[in-house]
Amino acid sequence: MPSLKDIMETMDYGPAPESNSDVVAWLRGHAGGIGHFIDGAFIGAEGASTEVVNPATDEVIAKIALAGKAEVDAAVKAARKAFVKWSALSGHERAKYLYAIARQVQKRERFLAVLETMDNGKTIRETRDIDVPLVARHFYHHAGWAELVETEFEGFAPVGVCGQVIPWNFPLLMLAWKIAPALAAGNTVVLKPADLTPLTAQAFAEICVEVGLPNGVVNIVQGGANTGALLTGHPDVDKVAFTGSTEVGRSIRKQIAGSGKKLSLELGGKSPFIVFEDADLDAAVEGVVDAIWFNQGEVCCAGSRILVQEGIAQSFFAKLDARLAKLRIGDPLDKTMDIGALVSHKQLGRINALIAEGIAQGASLHRAETQVPSRGSFCAPGFFTGTEPAHTVSQVEIFGPIATTATFRTPSEAITLANDTRYGLAASIWSQTIDRAIEVAAKVKAGVVWINATNLFDAGAAFGGYRESGFGREGAREGLFEYLKPGLKAGKERLAAPTDMSVAPFTGKSDTPDIDVTSKLYIGGKQTRADAGQSYTVVGKNGATGQAALGSRKDIRNAVEAAAKATGWSNVTGHNRAQVLYFFAENLAQRRDEFIEVLKAAGSKEAKAEVETAIRRAFWYAAQADKFDGAVHSTKSRHITMAIHEPWGVLGIVCPDEAPLLALVSLMLPAIAMGNRAVVIASQSQPLVATKLYQVLETSDVPAGVVNIITGESLGLAKTLAEHDEVAALWYCGTAEGTKMVELASCGNLKAVWSDQGRLRDWFDPKVGQGAEYLRHATQVKTIWLPYGE
Amino acid sequence: MAHEFPRVVGTAFTPEWFETKRVNLSAAERRAEQITTRRSVKKDYQAAWLLKAITCIDLTTLAGDDTEGRVKRLCAKARNPVRPDLLEALGIDGIQTGAVCVYPTMVPHAVKALEGSGIPVASVATGFPAGLTPLPLRLAEITYAVEHGAKEIDIVITREHVLTGNWKALYDEIAQMREACGDAHLKAILATGDLQTLSNVYKASMVAMQAGSDFIKTSTGKESVNATLPVSLTMIRALRDFKDLTGQMVGFKPAGGLSQAKHALAWQILMKEELGNRWLENDLFRIGASSLLGDIERQLEHHVTGRYSASNRHALA
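Those protein sequences? They're chains A and B, same order as listed.
Quick note on the numbering used here: the first sequence kicks off at 1 and runs consecutively.
Quick note on the numbering used here: the second sequence kicks off at 1001 and runs consecutively.
Pulled out of the complex, with its shape left as it was, chain B reads as follows:
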């Protein structure tokens, strides 16, 4: 399934790749609207696509009241995202989610709970969600999470750098974060709801990739507008351009607001259409979500039984 490919190394800061870029909003919206009307996945295909989507979920809890117990429950769900009888009926041996995503101080609990599963722990860092703590502290936070076993770090960018067009500062900051990550993969959260324009989204995406992000991610889930299809379209077009320019393959992670199975399908179709099948694998595609899995489980049960399902029939995340 997933094939190895060289890790993203980024490039030197190259403003000419994005400076003059202008994204047309209405056109992006039209394309986004057509993503789900030009394609459709039904029956077995839909079930298979949803199972695939589960493998791409970064099962997430990012709440102020997170505890060890809460994280353990989440990790158990990551290991067994679908009821075994359903998996058996679907002819699938066993699947697990792409990762578990938590706050830095929850990393040790998650690492322990996922031991032996192969499921990586992702940690948000760098003063999530606003990212306005001093840079040394943000870098230290990355180091902390990595030292406690996080394999993936979801950083937030300084929105001010985007809003004021200070692209070099943005580049330098992310490059330092990447360095702090070491072997852990860096996912750059652009907080697109704060960036407002699609042109800003494109430019921030390009800078984040030049600075060596392994993934670019839409949202913290805390902005007023989360992952939308037009924003995602803009980011993955930037990602496609980056691949064309450098040969480097960057992953994409929509997060926030993807709560239904049909959302997962829409984003999968978007990835397949704009980038190709390779970007449907979880080394290049993740969905940051907390309640999405529950809806997918209900759809899978419906596929197996023909009856609409209820959430209490599936284990809590």
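Next up, chain A with everything else stripped away, as it sits in the complex:
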């Protein structure tokens, strides 16, 4: 022990350990093993078999059981049973429980922080100042939603039993993000924590007991990937929520395709951290500390790709080098540490392999010259220079405290580089010029954008990704929708309409007009013949009404290409789009008789009503075009937190067989009203009304490529559309079997799929056939954080 005199010379920090004796005593109490929390009881501890290691010391601190089918079944059954009463409680009653949980988390804040640090390896500073306060905040915020859900979400109902699988990087916080909104909305849950970090979930279960939460409302099953798959695939789970790797997210999407389960995914990222020459560089350096050197870099939204304007790159890198030298790595329970231990040695090995690959590909590693502890899975932080977009480390998520860097010359190049990724979770923009910062925020493809900040979180701000970073949002009003469903009675099953797709001459009864009508495809504002040069005969109630082009893969390709190019539509004002939609209504009205005739010939019994409703719908969506416009959320003081509704981009629409005009219009209009460019697959059996519609689109100033209409064999075309990586979202109104097919096919780029699960919709009923639900599905929410003050 140095003398005070010595310390006055060295001015070292000295040890500042947080006491863990209470947690150690708690762990001793669980030495027999930790089991599951099912129906209000702690069970299965005796079967505990997997060791839980403190990654900072390599010591085994607990043992957990691995839930098998019996345990998962029991948990889901308990949740199902509890759902009846829990969902019937008034919002106020549920609010009282959520409030109690929030309070209890605060009363146990230090205990939970220490336990989390010992389980995960992250520093006590972070668990104490970030994780646990955010957990309490999340339950408070959602106690509020529980209170308000009946009035604020009128017409919605809870989904049912939620199966939730969470990762190891923010164990308790991710639990809160999952459980709080689910419970607030009236659902019950079965949650599976990561097997590497199961302990705070156990403590949370004990808090549920402590506050007297009714049995079965929250159930926790411990286990690894197999348990997770049993849970997500369980037939009685109505909603699956997953946070974790894109790879596992994809496998869950596949696993539950066609099951009708509601799904939200919060997956990986490779988020850009963009530093402009007019940034406060010292502030941006601290931003990097809070981005990639936060939580050991084990953060899905970490700013892991640092993009720096070329003129200031060298000085910025020098500042990063200097800052690295000041970082302290070591015992995460020590209050003076910036960086603790990675979650496991396996993770360390993975990161080391990626670092080696980065170096092998020619990048230079800048690293803190620090002695990492000899035991525990510690990883010295650093960053690469000389990384090119083509390098592996620039593309894959390292999930460790190592960033890549690249330089850019202009704001537009920064945006291009920022968006050059499959992911789209977050972005951090550093510039003191507001015009520039907001332009980049608008153009970057990311669900969360921080301006002159990074990794800001609040229960009142939605979090979630674009692209392969997943879909669905957590937090705020937007996040509640993931745990609610429209309270409508499901329609009858939609059966496949048998259509003769024969391309051979048709010799049966004919009901065609006296002058032949040419029905083509509508791609990029042009009427084009099917690529394969084939047509099939459309048969109405009195025989063949004409021929429709038989679209193929290549026509889908061409249509998507045209839609992808029509970016102007997404950037014009809502007012511009409204004008086009009104004009569309006007032109449709002028030709209403023609459309009534076509529909009658197709066999419609309500042809007039169908046309009139379609016209009315165009008015409704024209009205909405400049009104469905996002929100400003209340988060931190002096931080404007904007929730912006952005179009997906290219949206695929597969129309049902029924109501061939009204269904198409009901799907197409909200999509384009919100700025999407649509590729529409028309009713397979009655496509001629759709091909007539393109004449109306043409006369209504709908720009080329904004709506593309393909006719043909619906299922095959839908598959190509669902598989297409340029298509960002897909609406599917077909059979149950088709729904499963498109959900499977959507896995490639993890596009969001909205379907009616093969159930008929009453397109004529405005409660079903139109509404905010359509607009919500036509947009994705981008949350932009803009701190202000000088």
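Just so you know, these hints were derived from the structure itself, not from any lab.
Bear in mind that the values here come from a model prediction, so they are computed numbers and not experimental data.
Careful: at least some of the hints might be erroneous.
For lysine to any residue, the following SDA-like pairs were computed, each having C-alpha atoms within a straight-line distance of at most 20 Å [as the list claims (entries may be wrong)]: (1) B:K1021 with A:I312; (2) B:K1021 with A:Q314; (3) A:K5 with B:H1302; (4) B:K1042 with A:E713; (5) A:K5 with B:I1095; (6) A:K319 with B:T1305; (7) B:K1042 with A:P15; (8) B:K1243 with B:F1013; (9) A:K692 with A:K719; (10) A:K5 with B:T1305; (11) A:K85 with A:P2; (12) A:K319 with B:R1278; (13) A:K636 with B:A1032; (14) B:K1042 with B:S1309; (15) B:K1042 with A:H366; (16) A:K319 with B:E1273; (17) A:K319 with A:H366; (18) A:K107 with A:S21; (19) A:K541 with A:G603; (20) B:K1262 with A:V372; (21) A:K326 with B:R1278; (22) A:K326 with B:H1302.
Here are the simulated distance ranges between beta carbons [stated by the list, open to error]: (23) B:R1313 with A:Q106: 30 to 40 Å; (24) A:E790 with B:R1278: 46 to 56 Å; (25) B:R1278 with A:A360: 34 to 44 Å; (26) B:L1137 with A:Q106: 31 to 41 Å; (27) B:P1084 with A:A322: 37 to 47 Å; (28) A:E790 with B:K1043: 56 to 66 Å.
Per the computed footprint, the stretches of chain B lying under chain A, defined by three or more beta-carbons under 8 Å from a beta-carbon of chain A, are [as the list claims (entries may be wrong)]: (29) 1005-1016; (30) 1019-1027; (31) 1037-1045; (32) 1082-1095.
Ideal Cβ placement from N, Cα and C applies to all residues, glycine included.
Add chain B to chain A, keeping to what the hints say.
Just chain B now, with coordinates in the frame of chain A:
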């Protein structure tokens, strides 16, 4: 401990070093907030750091009712800032504060009272605290204080020059003050509470250093907002940039509102993290304070005895 280094000479007026500088307030606040949550000093280390802080205190009285007697009492405290029995228990031979800081007319009393101690007398000057007396009078005030034995002069800048962006005027004024100081060290008080924005703070810091300030200091203690961590962070980043650009080492003095031991620790951590250990020595770091010492003494006694202390157990400053 403290090593000699060349005195600051300043540079020519170089507006391109600061003109376009913009400091982000929210980011500065976040960093400032983390200074005390990312680091902590406990037990012996805390005691040692607090003792170190005492050596950096400019023990100050700047009141209209200051008298010779009041100044003598303060100087006695500067010589013996901690009760001898406590120092003995802590294993420390004897320490004294960094300086004593008074008004110009109190300088002779302070010089006399500190004779032989080696403790420098610092004097505020230049129409403290508003600094709006005519420049010749302000310069004469410096000369007066120096002639009466002040080794350090805490000048105040003309805030108008900052608020109107008249950086050259600010530079010229401080350069003349520096000249008037002669061998006495110049501490430029920026009165940051009046400057409002952190960008202004950065720019004023840079101009003051270019004009040859040995120290830059936050506040007179008379503005409505005194030394804050975000302001201090901005000033020491300017100071770091100045060192990178010129190799010259400028000192930093937060003043006003630092009344508790934990404030001293926070600023020490800030200095260590942003600048390094060298800036924890009193030739580059001073804390302008009057009541801080009393709180540090109580903390030290608590460290020795394990009991919380009371102020009447420690000699009055």
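Here is what the structure says about each hint:
1. B:K1021 with A:I312: The given pair, whose Cα atoms are some 14 Å apart, holds under the 20 Å limit.
2. B:K1021 with A:Q314: This hinted pair holds, its Cα atoms lying about 18 Å apart.
3. A:K5 with B:H1302: Given pair K5 of chain A, H1302 of chain B holds - Cα atoms ~18 Å apart, limit 20 Å.
4. B:K1042 with A:E713: violated (74 Å)
5. A:K5 with B:I1095: holds (11 Å)
6. A:K319 with B:T1305: violated (44 Å)
7. B:K1042 with A:P15: holds (7 Å)
8. B:K1243 with B:F1013: Given that 20 Å is the threshold and the Cα spacing comes to 16 Å, the pair holds.
9. A:K692 with A:K719: violated (25 Å)
10. A:K5 with B:T1305: Distance of about 19 Å is within 20 Å: holds.
11. A:K85 with A:P2: violated (63 Å)
12. A:K319 with B:R1278: holds (19 Å)
13. A:K636 with B:A1032: holds (17 Å)
14. B:K1042 with B:S1309: Holds, at roughly 18 Å.
15. B:K1042 with A:H366: violated (32 Å)
16. A:K319 with B:E1273: holds (13 Å)
17. A:K319 with A:H366: Judged against 20 Å, a Cα distance of about 12 Å means the pair holds.
18. A:K107 with A:S21: Holds. K107 of chain A to S21 of chain A sits at ~17 Å (cutoff 20 Å).
19. A:K541 with A:G603: holds (5 Å)
20. B:K1262 with A:V372: violated (30 Å)
21. A:K326 with B:R1278: Roughly 14 Å separates the two Cα atoms, so the pair holds.
22. A:K326 with B:H1302: Violated, because 31 Å separates the two Cα atoms, which is more than 20 Å.
23. B:R1313 with A:Q106: 30 to 40 Å: Hint holds: Cβ distance 37 Å, inside 30 to 40 Å.
24. A:E790 with B:R1278: 46 to 56 Å: For R1278 of chain B against E790 of chain A, whose Cβ atoms are near 32 Å apart, the range 46 to 56 Å is violated.
25. B:R1278 with A:A360: 34 to 44 Å: Given range 34 to 44 Å: holds, Cβ gap about 40 Å.
26. B:L1137 with A:Q106: 31 to 41 Å: Given a distance of about 59 Å, which is not inside 31 to 41 Å, the answer is violated.
27. B:P1084 with A:A322: 37 to 47 Å: holds (42 Å)
28. A:E790 with B:K1043: 56 to 66 Å: violated (40 Å)
29. 1005-1016: violated (count 0)
30. 1019-1027: Answer holds; 7 residues pass the 8 Å Cβ test.
31. 1037-1045: holds (count 9)
32. 1082-1095: holds (count 3)
Checked against the numbered hints above, the structure breaks hints 4, 6, 9, 11, 15, 20, 22, 24, 26, 28 and 29 and satisfies the rest.
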